[in-house]
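Colleague: Going line by line, the protein sequences match chains A and B.
Heads up, the first sequence stops at 249 in our numbering, and the numbers go up one at a time, no gaps.
Heads up, the second sequence stops at 359 in our numbering, and the numbers go up one at a time, no gaps.
Calculated directly from the structure, the hints in this document are not laboratory data.
Please note that the accuracy of each hint is not assured.
Stated by the list, open to error - Pairs of lysine-lysine residues, derived as BS3-like cross-links and limited to a Cα-Cα distance of at most 30 Å, are as follows:
1. K43(A) <-> K301(B)
2. K203(B) <-> K189(A)
3. K192(A) <-> K211(B)
4. K9(A) <-> K203(B)
5. K12(A) <-> K211(B)
6. K203(B) <-> K226(B)
7. K195(B) <-> K43(A)
8. K211(B) <-> K9(A)
9. K301(B) <-> K291(B)
What the hints assert, rightly or not - Among the chain B residues that face chain A by a calculated CB cut under 8 Å, a handful are:
10. S57
11. I59
12. T70
13. A71
14. L199
15. A202
16. K211
Here a beta-carbon is modelled for each residue, glycine too, at the ideal position from N, C-alpha and C.
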Amino acid sequence: MKQIFQRPKYLKDAVFHYCPGCGHSIIHRLVAEVIEELDIAEKTIGVPPAGCAVLAYDYFDLDMCEAPHGRGAAVATGVKRALPDRIVFSYQGDGDIAAIGTAETIHAANRGENITIIFVNNSCYGMTGGQMAPTTILGQNSSTTPGGRDSLRDGTPIDLSEMLAITKGSVYIERTSVNSPKNIRKTKKAIKKAFKIQMAGLGFSLIEVLSPCPTNWKLSPVDACKWIDETIVKTYPMKVIKDEAGNID
Amino acid sequence: MSEKQLMRGSQVIAEAAIRAGCRFYAGYPITPQNEMTEYMANAMAELSDGTFIQAESEIAAINMVLGASTAGVRSMTSSSSPGLSLKQEGISFLAASELPAVIVNTMRGGPGLGNIAPSQGDYFQATRGGGHGDYRSIVLAPASGQEQADLTRKAFEYADKYRTPVLILVDGMMGQMMEPVIFPDPIDALDLPPKPWILDGAKGRPSRIIKSLILNTREMEDHNWKLARKYENIAREITTAESYLTEDANMVVIAYGTAARIAKGAIKRVREMGLKVGLFRPITLYPFPSKELLEMSRVVKHFLVFEMNTGQMIEDVRLSLEGRSTIHFYGRPGGIISTPDEISKEISSIYYRQHLEEE
Ligand code: SF4
Numbered sequence: 001m002k003q004i005f006q007r008p009k010y011l012k013d014a015v016f017h018y019c020p021g022c023g024h025s026i027i028h029r030l031v032a033e034v035i036e037e038l039d040i041a042e043k044t045i046g047v048p049p050a051g052c053a054v055l056a057y058d059y060f061d062l063d064m065c066e067a068p069h070g071r072g073a074a075v076a077t078g079v080k081r082a083l084p085d086r087i088v089f090s091y092q093g094d095g096d097i098a099a100i101g102t103a104e105t106i107h108a109a110n111r112g113e114n115i116t117i118i119f120v121n122n123s124c125y126g127m128t129g130g131q132m133a134p135t136t137i138l139g140q141n142s143s144t145t146p147g148g149r150d151s152l153r154d155g156t157p158i159d160l161s162e163m164l165a166i167t168k169g170s171v172y173i174e175r176t177s178v179n180s181p182k183n184i185r186k187t188k189k190a191i192k193k194a195f196k197i198q199m200a201g202l203g204f205s206l207i208e209v210l211s212p213c214p215t216n217w218k219l220s221p222v223d224a225c226k227w228i229d230e231t232i233v234k235t236y237p238m239k240v241i242k243d244e245a246g247n248i249d
Numbered sequence: 001m002s003e004k005q006l007m008r009g010s011q012v013i014a015e016a017a018i019r020a021g022c023r024f025y026a027g028y029p030i031t032p033q034n035e036m037t038e039y040m041a042n043a044m045a046e047l048s049d050g051t052f053i054q055a056e057s058e059i060a061a062i063n064m065v066l067g068a069s070t071a072g073v074r075s076m077t078s079s080s081s082p083g084l085s086l087k088q089e090g091i092s093f094l095a096a097s098e099l100p101a102v103i104v105n106t107m108r109g110g111p112g113l114g115n116i117a118p119s120q121g122d123y124f125q126a127t128r129g130g131g132h133g134d135y136r137s138i139v140l141a142p143a144s145g146q147e148q149a150d151l152t153r154k155a156f157e158y159a160d161k162y163r164t165p166v167l168i169l170v171d172g173m174m175g176q177m178m179e180p181v182i183f184p185d186p187i188d189a190l191d192l193p194p195k196p197w198i199l200d201g202a203k204g205r206p207s208r209i210i211k212s213l214i215l216n217t218r219e220m221e222d223h224n225w226k227l228a229r230k231y232e233n234i235a236r237e238i239t240t241a242e243s244y245l246t247e248d249a250n251m252v253v254i255a256y257g258t259a260a261r262i263a264k265g266a267i268k269r270v271r272e273m274g275l276k277v278g279l280f281r282p283i284t285l286y287p288f289p290s291k292e293l294l295e296m297s298r299v300v301k302h303f304l305v306f307e308m309n310t311g312q313m314i315e316d317v318r319l320s321l322e323g324r325s326t327i328h329f330y331g332r333p334g335g336i337i338s339t340p341d342e343i344s345k346e347i348s349s350i351y352y353r354q355h356l357e358e359e
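So here's chain A without its partners, still in its complex pose (with noise of 0.2 Å):
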């Protein structure tokens, strides 16, 4: 029999403690397999980040180092400079990039640091109980917003990806979904261009990946990936946000 689907090669195997329909899930996949498809692994290194993909060491099978809340771009810079010739990526959350972590991403791209990140923006803190993100659109419920995101008392969602694309440092930045097959095949396409990106020695590439979170947002699997389109997209357009690395094949 022919095998047609199985485990990417550099995950290890385990069993993902993501909820069910998390997006968690696919974009490790889909990292794993553009690592894979790239034949980098035995070059890359990964800095996981504090939140719902804290573990996140325990499924790439790839080196992996820790980075405090936040620091992931600062951890990452460190070990590019150390080793500029292996392959280094983030990969973090909203809350962790966009709040704990801005001024370490920001001086990154503005240093257009030669590493890829993987933003993972589920519009809330997932792994502490849904509480509001800098991400978290108006109106949005969070355990901390009661009545909804409000911009007078909340403020307004933040334009990470728009922010760092504005430096001058930055080279790809694309903001994509796993939340139906199209994006997912395109989330895949993006990833794999920003480590293009990186082996070519560009400089700095991020994806952002919209992500259901159908544990906080109260919604059933398939319900959050509609939301995504239905609602989340008005903040957060799907698009290419900044691409000067053009065709890079």
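Please arrange chain B with the ligand on chain A, whose structure you already have, making use of the hints.
Modeller: Here is chain B with the ligand on its own, set in the frame of chain A:
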């Protein structure tokens, strides 16, 4: 060994770090230690394998060091008191993940923004771990230009050997002082023994993880005890102190760093007056030379702790002496630099009040 060179303390530490094979430095501007950062910027620029990053924050700097250390490179950051407060998160992670790093603190007056004058207000922060969790850092306290060179070399050796952060504690006076120094020969970073735990891509070996998260409480407990045992080994192997004119002394001043230099001057003066006073100078503040001090307390019944703060190391002295001798204290916080004359008066006043001249 190199020729004798006349150099400022903060530059001595930087040069000694380069010679120790340090090839990664990240730092953030803060007074009074900018010469160290600037020296590293220039020195790294001249090396083909050196990295200097002016980080966007103290927090970023220490985390860059964490990343570079993960990759196996001898790495360093430096700052001054308020900056060290910000670095504590990273230091806790370094200790937990058992990563080597050297961190220099040129202490200034505090708390808060304080001032930029020499102080020893960060003794507690340095010797008690400083960040969150159950850990310690090795803390070295040089008291001369030469010792800054020698201890910087040692700091990198200890950091690698024990896989733990090492702090070098100095102050603006130590940093500004020009003294002749003979540097140890430079180490080629490529000649350093390979570290079998680093992350450089899982080529021809299983993938590795460097982390501090241990959710299982029993495993976390094991890790805590493992670290505790490591600190015990460190205490056995590297504890150092200098004893100066203590052999016949019936009173001994305990001081480190700049305070110890001032105390030495004071002791020379009171010796001329015939007072039998010596100096005990901890060189490792953590591990603290408790045994050496306890040994001394068999004969010496009066100790004077002199610190440039309101009394921090005195707690370690008390713990070491276990009530066996009388401990006096003299402190000048806030960036005040005492004169040897001032300290000699303090010494002699205690000496005569206690009738030690009759012994
Ligand atoms: S809480 Fe949300 S982000 Fe976290 S694992 Fe569950 S679904 Fe995924």
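Colleague: Next, verify each hint and record whether it holds.
Modeller: Quick rundown of the hints versus the structure:
| no. | hint | verdict |
| --- | --- | --- |
| 1 | K43(A) <-> K301(B) | violated (62 Å) |
| 2 | K203(B) <-> K189(A) | holds (26 Å) |
| 3 | K192(A) <-> K211(B) | holds (27 Å) |
| 4 | K9(A) <-> K203(B) | holds (14 Å) |
| 5 | K12(A) <-> K211(B) | holds (17 Å) |
| 6 | K203(B) <-> K226(B) | holds (29 Å) |
| 7 | K195(B) <-> K43(A) | holds (17 Å) |
| 8 | K211(B) <-> K9(A) | holds (23 Å) |
| 9 | K301(B) <-> K291(B) | holds (16 Å) |
| 10 | S57 | holds (6 Å) |
| 11 | I59 | holds (7 Å) |
| 12 | T70 | holds (5 Å) |
| 13 | A71 | holds (4 Å) |
| 14 | L199 | holds (4 Å) |
| 15 | A202 | holds (5 Å) |
| 16 | K211 | holds (4 Å) |
The structure shown violates just one earlier hint, number 1.
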